[in-house]
Amino acid sequence: MSLQDLYKVIERRDNLTLFCLFADCETVNFQEAALDEKWRIAMDEEIKAIVKNDTWELTTLPKGHKAIDVKWVYKTKRNAKGEIERQKARIVAKGYSQKAGTDYDENKWKIFQMDVKCAFLNGFLEEEVYIEQSLGYVVKRHEDKILRLKKALYGLKQAPMAWNSRIDKYFQENGFTKCPYEHALYVKEKAGDILIVCLYVDDLIFTGSDPSLFKEFKRVMIKEFEMTDIGLMAYYLGIEVKQKEEDIFISQESYAKEILKKFKMNDCKPISTPVECGVKLSKHNEGEDIDPTFFKSLVGSLRYLTCTRSYILYVVGLVSRYMENLKTTHFKAAKRIIRYIKGTTNFGLLYSFSNDYKPVGYSDSDWGGDVDDRKSTI
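Here the sequence shown is numbered in our numbering, starting from 45 and rising by one per residue.
Derived by calculation from the structure, the hints in this document are not laboratory data.
Check before you lean on any hint, since a few could be wrong.
[Said to hold, decoys possible] Listed below are the simulated DSS-like cross-link pairs for lysine-lysine, each with C-alpha atoms no more than 27 Å apart in a straight line:
1. K96 x K267
2. K138 x K194
3. K232 x K152
4. K402 x K288
5. K194 x K305
6. K419 x K379
7. K267 x K213
8. K305 x K267
9. K138 x K189
10. K132 x K82
11. K92 x K119
12. K267 x K125
13. K201 x K110
14. K121 x K306
15. K306 x K132
16. K308 x K288
17. K121 x K96
18. K286 x K161
19. K340 x K324
20. K301 x K386
Please put together the full structure from these sequences, using the hints given.
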(Lines of atoms letter the chains of each structure in order from A; the text may use other names.)
(Lines give C-alpha, C1' and ligand atoms only; values in the text may rest on other atoms or scores of the structure.)
Protein backbone atom coordinates (compact mmCIF):
# COMPACT_ATOMS: atom_id res chain seq x y z
CA MET A 45 0.00 0.00 0.00
CA SER A 46 1.41 3.39 -0.99
CA LEU A 47 1.52 6.34 1.41
CA GLN A 48 -1.13 8.09 -0.67
CA ASP A 49 -3.44 5.07 -0.42
CA LEU A 50 -2.77 4.91 3.30
CA TYR A 51 -3.95 8.49 3.79
CA LYS A 52 -7.11 7.66 1.84
CA VAL A 53 -7.80 4.76 4.18
CA ILE A 54 -7.30 7.01 7.21
CA GLU A 55 -9.60 9.64 5.71
CA ARG A 56 -12.38 7.06 5.40
CA ARG A 57 -11.80 5.92 8.98
CA ASP A 58 -11.95 9.18 10.94
CA ASN A 59 -11.11 7.67 14.34
CA LEU A 60 -7.72 6.47 13.05
CA THR A 61 -6.40 9.94 12.31
CA LEU A 62 -2.64 10.07 12.69
CA PHE A 63 -2.43 6.51 14.00
CA CYS A 64 1.36 6.57 13.78
CA LEU A 65 1.54 9.18 16.54
CA PHE A 66 -1.57 8.20 18.47
CA ALA A 67 -1.93 4.44 17.96
CA ASP A 68 -2.59 3.87 21.66
CA CYS A 69 -5.07 6.72 22.18
CA GLU A 70 -8.27 6.45 24.12
CA THR A 71 -11.49 5.70 22.23
CA VAL A 72 -13.10 8.87 23.58
CA ASN A 73 -14.91 11.45 21.45
CA PHE A 74 -15.36 15.13 22.26
CA GLN A 75 -18.93 14.74 23.50
CA GLU A 76 -17.82 12.14 26.05
CA ALA A 77 -14.67 14.04 27.05
CA ALA A 78 -16.61 17.27 27.62
CA LEU A 79 -18.53 15.50 30.40
CA ASP A 80 -15.40 14.24 32.14
CA GLU A 81 -13.51 16.74 34.34
CA LYS A 82 -10.04 15.21 33.79
CA TRP A 83 -10.38 15.50 30.00
CA ARG A 84 -11.82 19.03 30.24
CA ILE A 85 -8.75 20.07 32.26
CA ALA A 86 -6.48 18.43 29.67
CA MET A 87 -8.24 20.29 26.83
CA ASP A 88 -7.98 23.61 28.69
CA GLU A 89 -4.24 23.02 29.16
CA GLU A 90 -3.82 22.30 25.44
CA ILE A 91 -5.61 25.51 24.45
CA LYS A 92 -3.57 27.53 26.98
CA ALA A 93 -0.33 26.09 25.58
CA ILE A 94 -1.37 26.93 22.02
CA VAL A 95 -2.36 30.49 22.92
CA LYS A 96 0.83 31.02 24.94
CA ASN A 97 2.89 29.69 22.03
CA ASP A 98 1.14 32.07 19.60
CA THR A 99 0.37 29.13 17.32
CA TRP A 100 -2.58 30.68 15.44
CA GLU A 101 -4.67 33.78 14.87
CA LEU A 102 -8.36 34.24 14.09
CA THR A 103 -8.98 35.38 10.53
CA THR A 104 -11.26 35.14 7.51
CA LEU A 105 -10.51 32.40 5.01
CA PRO A 106 -9.01 33.93 1.84
CA LYS A 107 -10.47 32.99 -1.52
CA GLY A 108 -8.83 29.98 -3.12
CA HIS A 109 -7.83 28.47 0.24
CA LYS A 110 -9.33 25.52 2.08
CA ALA A 111 -9.45 25.18 5.87
CA ILE A 112 -8.21 21.87 7.28
CA ASP A 113 -10.58 20.24 9.74
CA VAL A 114 -9.34 19.38 13.22
CA LYS A 115 -10.29 16.91 15.92
CA TRP A 116 -9.51 16.23 19.56
CA VAL A 117 -7.34 13.21 20.39
CA TYR A 118 -7.08 11.89 23.94
CA LYS A 119 -4.26 9.88 25.47
CA THR A 120 -3.56 8.56 28.96
CA LYS A 121 0.14 8.64 29.86
CA ARG A 122 1.24 5.73 32.04
CA ASN A 123 4.48 4.75 33.77
CA ALA A 124 6.32 1.42 33.68
CA LYS A 125 3.92 -0.06 36.24
CA GLY A 126 0.91 0.86 34.15
CA GLU A 127 -0.18 3.55 36.61
CA ILE A 128 -1.78 6.72 35.23
CA GLU A 129 0.58 9.71 35.32
CA ARG A 130 -1.56 12.25 33.49
CA GLN A 131 -4.17 12.77 30.80
CA LYS A 132 -3.22 14.58 27.58
CA ALA A 133 -5.52 16.10 24.97
CA ARG A 134 -4.29 17.20 21.57
CA ILE A 135 -5.87 19.25 18.82
CA VAL A 136 -4.86 17.33 15.70
CA ALA A 137 -5.12 18.67 12.17
CA LYS A 138 -6.43 16.17 9.65
CA GLY A 139 -3.23 16.45 7.66
CA TYR A 140 -4.08 13.56 5.35
CA SER A 141 -6.30 16.02 3.44
CA GLN A 142 -3.22 18.03 2.42
CA LYS A 143 -1.95 17.50 -1.12
CA ALA A 144 1.72 17.28 -2.03
CA GLY A 145 2.91 20.23 -4.07
CA THR A 146 -0.07 22.31 -2.96
CA ASP A 147 0.06 22.37 0.84
CA TYR A 148 3.66 21.38 1.66
CA ASP A 149 7.16 20.31 0.40
CA GLU A 150 8.93 17.11 1.62
CA ASN A 151 32.19 6.51 33.79
CA LYS A 152 28.97 6.51 35.89
CA TRP A 153 27.12 9.28 34.31
CA LYS A 154 23.47 9.46 35.28
CA ILE A 155 20.92 9.84 32.50
CA PHE A 156 18.16 12.44 32.87
CA GLN A 157 14.98 12.97 30.92
CA MET A 158 12.85 15.91 29.79
CA ASP A 159 9.61 16.09 27.86
CA VAL A 160 8.56 18.88 25.49
CA LYS A 161 4.99 19.80 26.45
CA CYS A 162 3.89 20.70 22.92
CA ALA A 163 6.81 19.77 20.67
CA PHE A 164 5.24 20.25 17.26
CA LEU A 165 3.81 23.62 18.24
CA ASN A 166 7.36 24.99 18.24
CA GLY A 167 7.95 24.47 14.52
CA PHE A 168 7.60 27.46 12.19
CA LEU A 169 5.58 27.04 8.99
CA GLU A 170 6.71 28.31 5.61
CA GLU A 171 3.29 27.81 3.96
CA GLU A 172 -0.08 29.44 4.64
CA VAL A 173 -2.22 26.90 6.47
CA TYR A 174 -5.77 27.43 7.74
CA ILE A 175 -7.73 25.21 10.12
CA GLU A 176 -11.26 25.10 11.47
CA GLN A 177 -11.93 26.21 15.03
CA SER A 178 -11.94 23.28 17.48
CA LEU A 179 -15.02 21.83 19.16
CA GLY A 180 -15.71 23.40 22.53
CA TYR A 181 -13.45 26.38 21.88
CA VAL A 182 -15.14 28.30 19.08
CA VAL A 183 -14.77 32.08 19.62
CA LYS A 184 -18.16 33.66 20.35
CA ARG A 185 -19.47 36.08 17.71
CA HIS A 186 -16.72 34.83 15.35
CA GLU A 187 -18.16 31.42 14.56
CA ASP A 188 -17.80 32.03 10.81
CA LYS A 189 -14.03 32.60 10.97
CA ILE A 190 -11.16 30.16 10.81
CA LEU A 191 -7.63 30.02 12.25
CA ARG A 192 -4.43 30.81 10.37
CA LEU A 193 -1.52 28.80 11.71
CA LYS A 194 1.68 30.64 12.54
CA LYS A 195 3.38 27.50 13.79
CA ALA A 196 2.96 23.77 13.16
CA LEU A 197 0.17 21.71 14.72
CA TYR A 198 0.01 17.98 15.41
CA GLY A 199 -1.32 16.17 12.37
CA LEU A 200 0.12 18.45 9.68
CA LYS A 201 2.53 16.77 7.30
CA GLN A 202 4.93 19.66 7.84
CA ALA A 203 4.84 19.33 11.64
CA PRO A 204 7.60 16.74 12.29
CA MET A 205 10.06 18.40 9.90
CA ALA A 206 9.23 21.89 11.20
CA TRP A 207 9.83 20.83 14.80
CA ASN A 208 13.03 18.97 13.97
CA SER A 209 14.38 21.92 11.98
CA ARG A 210 13.62 24.28 14.86
CA ILE A 211 15.33 22.29 17.62
CA ASP A 212 18.20 21.21 15.35
CA LYS A 213 18.90 24.86 14.53
CA TYR A 214 18.71 25.80 18.21
CA PHE A 215 21.20 23.11 19.25
CA GLN A 216 23.71 23.97 16.55
CA GLU A 217 23.48 27.70 17.27
CA ASN A 218 24.17 27.05 20.95
CA GLY A 219 27.40 25.13 20.77
CA PHE A 220 26.18 21.59 20.10
CA THR A 221 27.63 19.37 17.39
CA LYS A 222 25.36 16.88 15.62
CA CYS A 223 26.69 13.34 15.39
CA PRO A 224 27.27 12.55 11.68
CA TYR A 225 26.21 8.93 12.17
CA GLU A 226 23.22 9.38 14.50
CA HIS A 227 21.37 12.60 13.66
CA ALA A 228 19.31 12.60 16.86
CA LEU A 229 22.47 12.78 19.00
CA TYR A 230 24.10 16.10 19.94
CA VAL A 231 27.34 16.74 21.85
CA LYS A 232 28.59 19.90 23.53
CA GLU A 233 32.06 20.39 25.01
CA LYS A 234 32.85 23.12 27.52
CA ALA A 235 36.10 23.59 29.48
CA GLY A 236 36.98 19.92 29.16
CA ASP A 237 33.53 18.68 30.16
CA ILE A 238 31.00 17.07 27.86
CA LEU A 239 27.20 17.11 27.59
CA ILE A 240 25.42 14.50 25.45
CA VAL A 241 21.81 14.97 24.36
CA CYS A 242 19.61 12.44 22.54
CA LEU A 243 16.28 13.53 21.05
CA TYR A 244 13.31 11.36 20.05
CA VAL A 245 10.39 13.51 18.81
CA ASP A 246 9.28 15.21 22.06
CA ASP A 247 11.32 13.08 24.48
CA LEU A 248 14.82 14.23 25.36
CA ILE A 249 17.44 12.46 27.45
CA PHE A 250 20.87 13.77 28.41
CA THR A 251 23.98 12.89 30.37
CA GLY A 252 27.49 14.24 30.81
CA SER A 253 30.64 14.52 32.86
CA ASP A 254 29.69 17.55 34.99
CA PRO A 255 26.31 17.75 36.82
CA SER A 256 26.62 21.53 36.92
CA LEU A 257 26.05 21.56 33.16
CA PHE A 258 22.69 19.84 33.66
CA LYS A 259 21.18 22.68 35.68
CA GLU A 260 22.05 25.29 33.08
CA PHE A 261 20.90 23.05 30.22
CA LYS A 262 17.52 22.40 31.84
CA ARG A 263 17.05 26.10 32.60
CA VAL A 264 17.60 27.25 29.02
CA MET A 265 15.57 24.41 27.51
CA ILE A 266 12.56 25.03 29.77
CA LYS A 267 12.74 28.73 28.91
CA GLU A 268 13.04 28.16 25.15
CA PHE A 269 10.65 25.24 24.62
CA GLU A 270 8.58 24.92 27.83
CA MET A 271 9.68 21.44 28.86
CA THR A 272 8.84 19.22 31.79
CA ASP A 273 11.80 18.11 33.90
CA ILE A 274 11.14 14.41 34.53
CA GLY A 275 14.37 13.89 36.44
CA LEU A 276 16.39 10.68 36.48
CA MET A 277 15.39 8.53 33.51
CA ALA A 278 13.30 5.55 34.61
CA TYR A 279 11.04 4.81 31.63
CA TYR A 280 11.79 5.69 28.03
CA LEU A 281 10.05 4.48 24.85
CA GLY A 282 8.74 1.39 26.61
CA ILE A 283 12.14 0.59 28.16
CA GLU A 284 12.42 0.46 31.96
CA VAL A 285 15.68 1.86 33.36
CA LYS A 286 17.07 1.25 36.83
CA GLN A 287 20.10 3.42 37.56
CA LYS A 288 22.25 2.49 40.54
CA GLU A 289 25.67 3.60 41.73
CA GLU A 290 27.54 0.67 40.18
CA ASP A 291 25.38 -0.33 37.24
CA ILE A 292 22.40 0.41 35.00
CA PHE A 293 19.79 -2.24 34.23
CA ILE A 294 17.38 -1.87 31.32
CA SER A 295 14.47 -4.17 30.53
CA GLN A 296 11.08 -4.30 28.81
CA GLU A 297 9.14 -6.26 31.40
CA SER A 298 5.91 -4.30 31.00
CA TYR A 299 6.17 -4.44 27.22
CA ALA A 300 6.78 -8.20 27.31
CA LYS A 301 3.63 -8.64 29.40
CA GLU A 302 1.71 -6.48 26.92
CA ILE A 303 2.80 -8.83 24.11
CA LEU A 304 1.53 -11.85 26.06
CA LYS A 305 -1.78 -10.10 26.64
CA LYS A 306 -2.10 -8.80 23.08
CA PHE A 307 -1.68 -12.25 21.55
CA LYS A 308 -3.74 -13.99 24.26
CA MET A 309 -0.88 -16.05 25.66
CA ASN A 310 -0.94 -14.87 29.28
CA ASP A 311 -1.66 -18.41 30.45
CA CYS A 312 0.71 -20.24 28.09
CA LYS A 313 3.25 -22.71 29.47
CA PRO A 314 6.78 -21.22 29.68
CA ILE A 315 9.62 -22.91 27.80
CA SER A 316 13.38 -22.73 28.38
CA THR A 317 14.61 -22.00 24.83
CA PRO A 318 13.28 -19.56 22.19
CA VAL A 319 13.83 -21.97 19.27
CA GLU A 320 13.74 -25.71 18.93
CA CYS A 321 17.19 -27.26 18.49
CA GLY A 322 17.97 -28.02 14.85
CA VAL A 323 14.72 -26.56 13.52
CA LYS A 324 14.70 -25.89 9.76
CA LEU A 325 12.00 -23.62 8.36
CA SER A 326 11.18 -23.26 4.69
CA LYS A 327 8.84 -21.21 2.55
CA HIS A 328 7.64 -24.53 1.17
CA ASN A 329 6.52 -25.90 4.55
CA GLU A 330 3.14 -27.59 4.43
CA GLY A 331 0.20 -26.57 6.58
CA GLU A 332 -2.70 -24.14 6.72
CA ASP A 333 -2.28 -20.52 5.68
CA ILE A 334 -1.94 -17.91 8.44
CA ASP A 335 -3.32 -14.35 8.44
CA PRO A 336 -0.25 -12.31 7.33
CA THR A 337 -1.42 -9.13 9.11
CA PHE A 338 -1.64 -10.93 12.46
CA PHE A 339 1.74 -12.60 11.94
CA LYS A 340 3.45 -9.34 10.95
CA SER A 341 2.07 -7.68 14.07
CA LEU A 342 3.46 -10.52 16.17
CA VAL A 343 6.91 -10.40 14.57
CA GLY A 344 7.01 -6.59 14.76
CA SER A 345 6.28 -6.74 18.49
CA LEU A 346 9.06 -9.28 18.98
CA ARG A 347 11.53 -7.18 16.99
CA TYR A 348 11.11 -4.22 19.34
CA LEU A 349 11.70 -6.55 22.26
CA THR A 350 15.21 -7.23 20.90
CA CYS A 351 16.21 -3.74 22.11
CA THR A 352 17.03 -5.32 25.47
CA ARG A 353 17.24 -8.97 24.37
CA SER A 354 19.85 -9.23 21.66
CA TYR A 355 20.06 -12.99 22.17
CA ILE A 356 16.66 -13.54 20.50
CA LEU A 357 17.68 -11.59 17.38
CA TYR A 358 18.50 -14.76 15.47
CA VAL A 359 15.22 -16.55 16.06
CA VAL A 360 13.16 -13.39 15.48
CA GLY A 361 15.07 -12.86 12.24
CA LEU A 362 14.39 -16.48 11.34
CA VAL A 363 10.60 -16.17 11.53
CA SER A 364 10.80 -12.75 9.84
CA ARG A 365 11.89 -14.42 6.60
CA TYR A 366 8.47 -15.93 5.98
CA MET A 367 6.17 -12.91 6.06
CA GLU A 368 4.71 -13.68 2.62
CA ASN A 369 4.71 -17.49 2.75
CA LEU A 370 3.03 -18.16 6.07
CA LYS A 371 2.07 -21.59 7.28
CA THR A 372 1.18 -23.04 10.67
CA THR A 373 4.81 -24.23 11.01
CA HIS A 374 6.08 -20.63 10.97
CA PHE A 375 3.38 -19.49 13.38
CA LYS A 376 4.28 -22.33 15.76
CA ALA A 377 7.93 -21.18 15.76
CA ALA A 378 6.85 -17.60 16.56
CA LYS A 379 4.57 -18.78 19.38
CA ARG A 380 7.49 -20.68 20.88
CA ILE A 381 9.38 -17.39 21.23
CA ILE A 382 6.44 -15.95 23.17
CA ARG A 383 6.37 -19.03 25.41
CA TYR A 384 10.05 -18.40 26.13
CA ILE A 385 9.32 -14.75 26.94
CA LYS A 386 6.56 -15.87 29.32
CA GLY A 387 9.20 -17.35 31.63
CA THR A 388 11.73 -14.53 31.21
CA THR A 389 9.70 -11.30 31.37
CA ASN A 390 12.16 -9.73 33.82
CA PHE A 391 15.25 -10.37 31.70
CA GLY A 392 17.20 -7.42 30.36
CA LEU A 393 20.65 -5.88 29.92
CA LEU A 394 23.00 -5.00 32.77
CA TYR A 395 25.61 -2.31 32.15
CA SER A 396 28.16 -2.48 34.96
CA PHE A 397 30.92 0.04 35.61
CA SER A 398 34.50 -1.14 35.22
CA ASN A 399 37.96 0.26 34.59
CA ASP A 400 39.14 -3.05 33.17
CA TYR A 401 37.69 -3.27 29.66
CA LYS A 402 38.24 -6.61 27.95
CA PRO A 403 35.88 -7.20 25.03
CA VAL A 404 34.95 -10.85 24.54
CA GLY A 405 33.26 -12.07 21.37
CA TYR A 406 31.56 -15.31 20.43
CA SER A 407 30.50 -16.58 17.03
CA ASP A 408 28.73 -19.52 15.49
CA SER A 409 28.04 -20.54 11.92
CA ASP A 410 25.65 -22.62 9.88
CA TRP A 411 27.14 -23.20 6.44
CA GLY A 412 24.52 -23.65 3.72
CA GLY A 413 21.86 -24.14 6.36
CA ASP A 414 18.99 -22.35 4.64
CA VAL A 415 16.91 -25.09 3.02
CA ASP A 416 15.47 -22.67 0.44
CA ASP A 417 18.56 -20.99 -1.02
CA ARG A 418 21.44 -22.69 0.84
CA LYS A 419 22.72 -19.39 2.22
CA SER A 420 24.91 -19.48 5.30
CA THR A 421 24.29 -17.90 8.71
CA ILE A 422 27.13 -16.53 10.81
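These are the hints, each one checked on the structure:
no.	hint	result
1	K96 x K267	13 Å, holds
2	K138 x K194	17 Å, holds
3	K232 x K152	18 Å, holds
4	K402 x K288	22 Å, holds
5	K194 x K305	43 Å, violated
6	K419 x K379	25 Å, holds
7	K267 x K213	16 Å, holds
8	K305 x K267	42 Å, violated
9	K138 x K189	18 Å, holds
10	K132 x K82	9 Å, holds
11	K92 x K119	18 Å, holds
12	K267 x K125	31 Å, violated
13	K201 x K110	16 Å, holds
14	K121 x K306	19 Å, holds
15	K306 x K132	24 Å, holds
16	K308 x K288	35 Å, violated
17	K121 x K96	23 Å, holds
18	K286 x K161	24 Å, holds
19	K340 x K324	20 Å, holds
20	K301 x K386	8 Å, holds
Checked against the numbered hints given earlier, this structure breaks hints 5, 8, 12 and 16; the rest are met.
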